[in-house]
Amino acid sequence: MSTRLAQGGRLIDRSKAMEFTFNGKRMTGYAGDTLAAALLGAGQTLVGRSFKYHRPRGILASGSEEPNALVHLGEGARFEPDQRVTTTELFDGLTCTSQNHWPSLEFDVGAINNKFSRFLTAGFYYKTFMFPRVAWEKLFEPIVRQSAGLGQVPKERDADRYEHFYAHVDVLVVGGGVAGLAAARSAASTGAKVLLIEQTNHWGGRAVVDGGEIDGMPVEGWVNKAVEELENMANVTIRTRIMGAGVYDHGYATGYERVADHTPGDGRPRHRLWRIRAKQIVTATGAIERPLSFAGNDIPGVMLAGALRDYIVNWGVSAGDRVVVVTNNDDAYRTALAVKAAGLNVPMILDARAEAGGPLADAAREAGIRVEAGKGIAKVHGGKKVTGVSVCAQAGEGASLEEIKCDAVAMSGGWSPVVHLWSHCGGKLIWDVEQAHFRPDPDRAPTSHDGAAFVVTAGSATGALSLADVMADAHAAGKVAGKAAGGKTSSKAAPEVAPETMQPIEPVWVMPQGAGPDKRMKMWLDFQNDVKVSDVQLAAREGYESVEHTKRYTTLGMANDQGKLSNINGLAILSDALSQEIPATGTTTFRPPYNPISFGAIAGEARGELFQPVRQTPMHAWHAEAGAYFEPVGHWYRPYCYPKSGETHEQAVNREVLNTRENLGLLDASTLGKLVVKGPDAGKFLDMMYTNMMSNLAVGKCRYGLMCSENGFLSDDGVVARIDEDTWLCHTTSGGADRIHAWMEDWLQCEWWDWNVYVANVTEQLAQVAVVGPNARKVLEKLNDQAGGGMDLSAEALPFMQWRDGKIGNFDARAYRISFSGELSYEIAVPASQGRAFWDALLDAGGEFGVMPYGTECLHIMRAEKGFIMIGDETDGTVIPQDLGLNWAISKKKEDFMGKRAQSRSHMTDPDRWKLVGLETLDGSVIPDGAYAVGEGVNANGQKNVIGRVTSTYYSPTLKKGIAMGLVKHGPDRMGEVIGFPTVDGSNTVVKAKIVSPVFYDPEGEKQNV
Amino acid sequence: MRRYSAFAIAREGARYHTGWERAWRSPKPKKKYDVVIVGAGGHGLATAFYLGKNFGITNVAIIEKGWLGGGNTGRNTTIIRSNYLQDPSAAIYEKARSLYETMSQDLNYNVMFSPRGVMMLAQTHHEVRGYQRTAHANALQGVSTEFISPQRVKELVPIMDINGPRYPVLGALWQPRGGTARHDAVAWGYARACSDMGMDIIQKCEVTGVNQAGGKVTGVQTTLGEIGCDKLAIVVAGNSGDLAGKAGFRLPMESVALQALVSEPIKPTIDVVVMANTVHGYMSQSDKGELVIGGGTDGFNNYTQRGSFHHVEETVRALVETFPIISRLRMMRQWGGIVDVTGDRSPVISKTPLGNTFINAGWGTGGFKSIPGSGWAMAELVAKGEPGPLAAEFGLDRFREGRFIDESVAAGVAH
Ligand SMILES: Cc1cc2nc3c(=O)[nH]c(=O)nc-3n(C[C@H](O)[C@H](O)[C@H](O)COP(=O)(O)OP(=O)(O)OC[C@H]3O[C@@H](n4cnc5c(N)ncnc54)[C@H](O)[C@@H]3O)c2cc1C
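Here the protein sequences come in this chain order: A and B.
All residue numbers in the first sequence are consecutive under the working numbering, ending with 1010.
All residue numbers in the second sequence are consecutive under the working numbering, ending with 415.
It is worth saying that the hints were derived from the structure and are not from the lab.
Even for Gly, the Cβ is constructed at its ideal location relative to N, Cα and C.
Watch out, some of these pointers could steer you wrong.
[Unchecked claim] Listed below are the simulated DSSO-like cross-link pairs for lysine-lysine, each with C-alpha atoms no more than 30 angstroms apart in a straight line: (1) B/204 with A/428; (2) B/384 with A/385; (3) A/384 with B/288; (4) A/138 with B/351; (5) A/115 with B/351; (6) B/351 with A/428; (7) A/522 with B/288; (8) B/95 with A/155; (9) A/900 with B/351; (10) B/246 with A/428; (11) B/351 with A/384; (12) B/351 with A/385; (13) B/246 with A/115; (14) B/267 with A/944; (15) A/25 with B/267; (16) B/154 with A/155; (17) B/95 with A/138; (18) A/969 with B/95; (19) A/944 with B/351.
[Stated by the list, open to error] Partial selection, computed: residues in chain A whose CB lies under 10 angstroms from chain B: (20) 123; (21) 158; (22) 254; (23) 268; (24) 270; (25) 488; (26) 492; (27) 599; (28) 743; (29) 984.
[As the list claims (entries may be wrong)] Computed Cβ-Cβ distance ranges for the label pairs, DEER-style: (30) A/17 with B/11: 55 to 65 angstroms; (31) B/66 with A/131: 52 to 62 angstroms; (32) A/443 with B/66: 34 to 44 angstroms; (33) A/758 with B/245: 37 to 47 angstroms; (34) B/215 with A/433: 44 to 54 angstroms.
Sequences are here, hints too, so could you generate the full structure?
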């Protein structure tokens, strides 16, 4: 039984007890505990159930590689599933529950799968559940889904907030073990700006647990000194609780800081995502111990040897009273010695190697531990916890030589460097035969834009396993990185460590060597996903020979730990099954993040209102107060309409239309894109950008212009005003301003970089109001009368399609005589700072003229009544100006313009192209949005032939009937013909409409020209 | 081929599964084949399958530089839908979708086609009109879709916040028989069936050159030597430009990275596929329990098969906004694939300037769903030398004529 030892635990503070609950049971731990340590300390060895067979699961590891011990943490708005107990810091009041079982952890009905595990092998689901056909979707899939998954789903909106942080450094060192500390010191000694991050809340990593001396001090003393030294250096920042999550191109890295996971609700952001730009990255990420594959290696109580030692030394917790140690390398002897030193029993060390010699084995024997060479475990006994093991010869088939009672097994299959961050951005690995692991190949490092390496490894992450090698390697790595990041040559001496003698590892992939199929079916590789040695062998037998095929067929390495413990063992088994060397098999790809990171942290502060930038016009507050119903247009919010109390949106829109046509309407047109195009070549440039001629536009005049893509399709439109000899002001659509600005820059920067043109987006510098309706001139003249503004707004002084600068009332105005509604209309731009005042003044003065603001829907209807096209309605990226009868706006004189060549292609000049017409329903109803007109018969693929579609369709309050614009095959030649639009509302009706001119209102343009 | 069934599993279970056959053979290449297909992704394998099934052509090699299914076929987010706007697209995607309905039975391999429904959210008035248009088009194309109300959206996806302050949900285009399938299984099922018909799938063999004589293809050079052929089908997705170059012609296509990511596995929480184009992200849940998430392509051309972080950020931000409860869940893995994108976002199934050489490419961000339909149409083109009705509009000549099949009209994110 696991328990808290009377003494020891370098990380805990026994004076601070902390209460927590597991499955409702009250338990106590200490400050400094991980949840894993606290659970073990409280005697809880069974903590979860596996994914597929619902096997009992205990704690296997002490770090983020833990595959088993995942729990539901917290409650309500702070509930989260799949939380690793090994990386969760204990806090007072923590609540957690175990996952993936019903009705309880101890008794789980799902464990029935275990009984059938013989049939539920790798990939069995590809071979069955196929008959009858509907059974998969209706029966089997729901069952599979219900039994898969691990944790429950949060039900409430997250109570916490998150933030992003930006850091720019010369050298980023990931990992705060002795290697990371040494590398940070030597990198800093070159003068480089260094950031050192460590994922746990303490420094020193494994070496502190393992013992030894650095610079003549015990490791812990050296660590404290190194930390102090680094803290005092101006060019160094060191931070705990930040995990290096991912390495991306060009020295970009992400760090995941768990700011307040251990202090929930204290007001700080819970997580902070660090976005780091580093010239060089040193990965001092250590190594991870591998399990051994013996029958029953998944029973709670079987633990990685290093982890078992961590629990004793760091947290004063023993995993059991009688611990059998099984290993193929020297390191696990340290665990045996630690167990012994804690006053507990080690009945036997089973060393699979032919000989068990060397200083560590000697020390074990001296401590009175029985050491058996060439032996292994035939089978672990127990169900929900270990009760004993059968010992066998490693060389044999597993005949039991001896049964030993024990309550814990410490296993070690060797150590694999943590190569994830190295590999994320393309670093390659080599197989180290002597040490039996993949390690980074220093000659094939990730490279940056200049072809130079930007990641260096340090310490165990390089493959160095003895303390002396680790320190020498890390010291050198830090210097290399500092130098490569622009630092100076440093003469700082490497930390001194006495070399030690270690006996070589002997790889053991299956224990015992000759285990038969019944044993191999009980050897777990992936503990969470229930992938066993037999599954990998089956995959190989069935031809899933690529390591990626095996992974995907068996789900090996696809669990929460992403194969940190299982991958190397799995591919060794696969290599053996395929009779090939391990390097020929290779690894699967290491992908970010190193450990899972919260979506909250990735999203950061961008939530709710701040989800995307909100752009507001100077008059926005007025609209909001007036109760406007807004619609998002690009990043803008624009009033759709201004419903009065009791009014529907539709009623409001109709009122706004009628009032504008009869009296006076005001539109906040500030969102309209305004691009100043200036320079000696501006005219030439605009002649390329627009289909019509802009260079010959007279100063003081306006012209409606069209822009097309290289493929000839209409992409934007708007009125262009010539301001002076070399300045034009181009209006774009509201949604198009940024796009068109970028489009212009694209051409100027990439193609015509030698043209002297400057483009500035002044959209937000100006507030713009469309003053529309028969009383438009009156209200403006009244402002002038009131405050003595000087601008002459008469038809003679400011004719249609011209503009003037001047004072209107008190305001600095530029007035354009343009109309998108068919009414007498002025669009007046004032500096943004005067926008709100100008709007207010217009409303004040307009009272007697029946002034009313109107929204975007009213704008749409009025333009449709006039047959004006709207980008995004009449166009969709497949429509050319010729389709819309806009030939008049396409210059015949210009040698070239964007889209000219494209518009001469055969399909563009095809007389069968659909063309713009007006549509009038026979019964006055409104054609549904998006409806198509059908022709005769079906096409070669059996689809109904279509002859047109509606592009804009509205109820016209002016004409009191449905009106529409549409694109119809040979449309302009078919005036008066009636075509049918089938509906899809389930009524099976066809709306009949007559083809008419698209100009429904004031075809002669008498109203706008007054 | 020994058939898979529950009975077979019971039989094998009794003898430690020693009797299972290889799913496909790994043969040495022959000197010459009637047809060589480059690329053992879904499209290459489906082409081979229908060459055999519909045209009896089985002297076929499928040559793969890596492992079969290891390109985009094994990297995608497995959305299957056919609610496309333009007629030619709807025709081929709906053909594909309908073939998915029976694929498990046709291949005797459970590809786990799950017609759970695909929903595309409308969050601006403009999008509402766009999807209403698609719904009208689909009705005439024989594709069953429907524009549904926000309330119905909420019923189908209770975890969605339809009243988000920034972009409230105004409705959705709903295809009830769209869904997902297990991507690897599609590749493996086809590979098994092709191998069974006597076709050779040659993995770890890269095509490095194309041999020609008199304007016609005669074979390919590979890392395993020369292999002759009468006809050549190039079906290599992100590597299309490269392969076309080897065959002596150029393509109007770009290769860019598209990324996806998954959360840690959780119990079932979302039963349909949701795509949100205004905020730019989409999400479904795998049978294993991971939330499967994707967004748009990276903004630069490359071949690295990995992506940048900022796109992941944009996508995740969109989905946290749409599904607030996922905020405390975690991203477990992100990855990327190189997709082949044409100017009009529609594929190419076409003859090429080189005689007897055909290309199937340009599926870009959305070609998993089309695998069976594309294979069907491509097989017809290869077998007859001329495209049938499904492929007729997808020829390369459309770019010269300006006869685009533009799908970006309907949706920003097209998966
Ligand atoms: C992240 C992501 C998400 C996606 N999501 C979806 C989705 O939800 N729904 C959807 O429908 N689609 C989706 N797609 C798109 C879909 O994956 C692809 O369109 C489809 O898989 C393409 O299949 P393919 O067979 O053409 O290409 P691939 O599967 O890429 O196969 C091409 C094969 O050619 C091989 N090859 C290349 N060059 C050579 C050579 N010289 N010699 C030999 N072999 C070669 C490659 O190794 C590869 O195996 C997504 C794609 C990505 C990357």
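Each hint, compared with the structure:
no.	hint	verdict
1	B/204 with A/428	holds, 19 angstroms
2	B/384 with A/385	violated, 66 angstroms
3	A/384 with B/288	holds, 25 angstroms
4	A/138 with B/351	violated, 42 angstroms
5	A/115 with B/351	violated, 56 angstroms
6	B/351 with A/428	violated, 40 angstroms
7	A/522 with B/288	holds, 22 angstroms
8	B/95 with A/155	violated, 39 angstroms
9	A/900 with B/351	holds, 28 angstroms
10	B/246 with A/428	holds, 28 angstroms
11	B/351 with A/384	violated, 64 angstroms
12	B/351 with A/385	violated, 66 angstroms
13	B/246 with A/115	violated, 55 angstroms
14	B/267 with A/944	violated, 43 angstroms
15	A/25 with B/267	holds, 24 angstroms
16	B/154 with A/155	holds, 15 angstroms
17	B/95 with A/138	holds, 23 angstroms
18	A/969 with B/95	holds, 27 angstroms
19	A/944 with B/351	holds, 28 angstroms
20	123	holds, 9 angstroms
21	158	holds, 4 angstroms
22	254	holds, 6 angstroms
23	268	violated, 16 angstroms
24	270	holds, 9 angstroms
25	488	violated, 32 angstroms
26	492	violated, 34 angstroms
27	599	holds, 5 angstroms
28	743	violated, 15 angstroms
29	984	holds, 5 angstroms
30	A/17 with B/11: 55 to 65 angstroms	holds, 58 angstroms
31	B/66 with A/131: 52 to 62 angstroms	violated, 33 angstroms
32	A/443 with B/66: 34 to 44 angstroms	violated, 23 angstroms
33	A/758 with B/245: 37 to 47 angstroms	holds, 40 angstroms
34	B/215 with A/433: 44 to 54 angstroms	holds, 53 angstroms
The structure is inconsistent with the numbered hints 2, 4, 5, 6, 8, 11, 12, 13, 14, 23, 25, 26, 28, 31 and 32, although it conforms to all the rest.
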